[in-house]
Amino acid sequence: SQTIHQWPATLVQPVGSPLSLECTVEGTSNPNLYWYRQAAGRGLQLLFYSVGIGQISSEVPQNLSASRPQDRQFILSSKKLLLSDSGFYLCAWSLVGNQPQHFGDGTRLSIL
Amino acid sequence: SQQGEEDPQALSIQEGENATMNCSYKTSINNLQWYRQNSGRGLVHLILIRSNEREKHSGRLRVTLDTSKKSSSLLITASRAADTASYFCATAKNTDKLIFGTGTRLQVFP
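Just so you know, the protein sequences line up as chains A and B, in that order. Residue numbering for the first sequence follows this note's numbering, starting at 1 and increasing by one per position. Residue numbering for the second sequence follows this note's numbering, starting at 1 and increasing by one per position.
Fair warning: there could be bad hints in the mix.
Derived contacts from chain B toward chain A, CB cut-off under 8 Å, selection only [as the list claims (entries may be wrong)]:
{"no.": "1", "residue": "41"}
{"no.": "2", "residue": "43"}
{"no.": "3", "residue": "62"}
{"no.": "4", "residue": "88"}
{"no.": "5", "residue": "92"}
{"no.": "6", "residue": "94"}
{"no.": "7", "residue": "98"}
{"no.": "8", "residue": "102"}
{"no.": "9", "residue": "103"}
Taking CB as the label site, the calculated pair distances span [to be verified]:
{"no.": "10", "chain 1": "B", "residue 1": "26", "chain 2": "A", "residue 2": "65", "range": "24 to 34 Å"}
{"no.": "11", "chain 1": "A", "residue 1": "14", "chain 2": "B", "residue 2": "78", "range": "46 to 56 Å"}
{"no.": "12", "chain 1": "B", "residue 1": "30", "chain 2": "A", "residue 2": "22", "range": "23 to 33 Å"}
{"no.": "13", "chain 1": "B", "residue 1": "39", "chain 2": "A", "residue 2": "7", "range": "15 to 25 Å"}
{"no.": "14", "chain 1": "A", "residue 1": "26", "chain 2": "B", "residue 2": "57", "range": "26 to 36 Å"}
{"no.": "15", "chain 1": "A", "residue 1": "30", "chain 2": "B", "residue 2": "53", "range": "25 to 35 Å"}
{"no.": "16", "chain 1": "A", "residue 1": "79", "chain 2": "B", "residue 2": "26", "range": "28 to 38 Å"}
{"no.": "17", "chain 1": "A", "residue 1": "40", "chain 2": "B", "residue 2": "22", "range": "39 to 49 Å"}
{"no.": "18", "chain 1": "A", "residue 1": "11", "chain 2": "B", "residue 2": "55", "range": "34 to 44 Å"}
Everything labelled a hint here was simulated from the structure, so no lab data went into it. Since the model is a prediction, treat every value here as computed from it, not as a measurement. The beta carbon of each residue, even a glycine, is placed where N, CA and C say it ideally should be.
So here's chain B without its partners, still in its complex pose (with noise of 0.2 Å):
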């Protein structure tokens, strides 16, 4: 079964505005990432945060984990054409494996 569940399902905005996707999950977990996907192509690793971290930055992009609602958020700030893609979020035990997430679709119009 999935661990993650990202809300919303799809996403659509105009350049210049913020995204936020939501991501949440079951059980406890050593991290949680995101990743991103072009159409068609493999996924590329974002952003991880450690279970004890609350927030975490890189560029434009910001990510929130609150574990005790066992949720986390990724925003994309001031958001442009070429972030379209969809994004998924993953969470990791200490296993060998992630879990990831059924992603949101992200559509920015110029």
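One chain only, chain A, in its complex shape (with noise of 0.2 Å):
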């Protein structure tokens, strides 16, 4: 059966700080990866999204990043982070782009 990881769980960093955050899918080839974010009591915003090794979509601009150097692994970046970058962050991935997305259970960033 397919699992999905995401790392860490909560994390809290300085304003100005690097960010990497990591998200692998296993059991399953070539999916369609995704990165959201959620604020406080929202619904969620597509960030970046992926539909293979090297192909990132970005939807928003913003001082994040995002990279696929494997075929299940999808990393969130930022070189500097700022306040509006605190958040809840949600890794996904489909089969296919309209179907039913699985996710993982989030990374709760703190930015001080």
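Two chains, two frames, some hints: make the complex.
Quick look at the structure:
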């Protein structure tokens, strides 16, 4: 069966520090991969998605970036975090873009 | 911009009652999906309804889709305290992504 791992679960970082969040998927090949951000009590904002290794689509201009170095690995990064980067970050995968997505348990990022 | 808007934003009911949530969207879709999110957790897919379907059931869940009105509803029958969560609709076109709505927070009191 397929599983998705996302870590860390919580992260507290100072403003201006770098960021690296990792997401890996097991049990499937060539999945579509997604990074979302969710503000408290709000809906999901799609940040990046990838349909294959090295293929990244950016949805929102920001100081974040994403990379897909391996088929089942998706990384969200920043060189310098802003206060506005605080939020709940979710990784998800699907077999096809318009089919059900499967989510990790998220990373709660607090910027101080 | 977000495709789906859920209504109401929050809903409180007693155990045993039915809960109905609505979702409206703006453009044509391939399918519409409903997800559940427990506090502090990731989303879990509940049900998918295709654009050529009008109604779908899964256990205590009933989803309807009206493409002429660009709207969908999720009915949870005989609700339980464990149904307390946020519920999101998501719309899919023939693209590589879903567009999620703003969600309905459901509170079921025992």
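- Query: What hint numbers does the structure not satisfy?
  - Reply: 3 and 17
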